[in-house]
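Construct all of the structure, not just a fragment, from the sequences and the given hints.
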Amino acid sequence: EAEVAQSPRYKITEKSQAVAFWCDPISGHATLYWYRQILGQGPELLVQFQDESVVDDSQLPKDRFSAERLKGVDSTLKIQPAELGDSAMYLCASSLYIYDWASLNSYEQYFGPGTRLTVT
Amino acid sequence: AQTVTQSQPEMSVQEAETVTLSCTYDTSENNYYLFWYKQPPSRQMILVIRQEAYKQQNATENRFSVNFQKAAKSFSLKISDSQLGDTAMYFCAFMKLSVGQGAQKLVFGQGTRLTINP
Chain A
363 EAEVAQSPRY KITEKSQAVA FWCDPISGHA TLYWYRQILG QGPELLVQFQ
413 DESVVDDSQL PKDRFSAERL KGVDSTLKIQ PAELGDSAMY LCASSLYIYD
463 WASLNSYEQY FGPGTRLTVT
Chain B
352 AQTVTQSQPE MSVQEAETVT LSCTYDTSEN NYYLFWYKQP PSRQMILVIR
402 QEAYKQQNAT ENRFSVNFQK AAKSFSLKIS DSQLGDTAMY FCAFMKLSVG
452 QGAQKLVFGQ GTRLTINP
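From first to last, the protein sequence lines are chains A and B. Here this note's numbering is used: the first residue of the first sequence is 363, the next is one more, and so on. Here this note's numbering is used: the first residue of the second sequence is 352, the next is one more, and so on.
Hints were generated in silico from the structure; no laboratory data involved. Just so it is clear, CB atoms sit at the ideal spot from N, CA and C, and this is done for glycine as well. Each statement offered as a hint is correct.
Some chain A residues near chain B, calculated using beta-carbon distances under 8 Å: (1) Y395; (2) Q403; (3) G404; (4) P405; (5) L407; (6) Q410; (7) Y469; (8) Q471; (9) G474; (10) P475; (11) G476.
So this is what it looks like as structure tokens:
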């Protein structure tokens, strides 16, 4: 069964350092999401891509976070510089397509295992 | 903006019992979907069940069923004959559909930690 891949699974970094996370969505999935999940809370969207275009990045702290999906396939999320408050699980999800009104299956989001970031 | 509220931070039941997790949401939208996701310890989040808002019939998936009350904006999850493998965090989530914009992000509740005891 196809899965969303993420790496690394765990990352420990010192504050003010740069850190990057990678996500490879399920093959053929046009939509990719990055969520941040603080311990004990539900995930919150950071950025949504449709192919290589950003659909929603309203909650992305753009002074320190950046995200790209250059070829519309895999994606990288970067934090520079990292702060203590960035410690969280970073989840990547993908879905087939967001504009197919006929099929809820095209909206269903499949999640990767996440990257657990600890900033010291 | 949409909000999702799960008022039960933790629940614990014995194996084989039935348990109901509560979820309420706030929205002014008419077209949306609701979901329950399960996040087992150290494992990835998976979809448990989904409900289209325009459907009056409650969704069911084997031992999982929902009670969708659109007017009350309530969406509870019932797990029947609970099993040890049901132990996990459960998240209620809302997804808006917009004409021209397609499916939007998932808005999650805070989660309910469910423990099934042997």
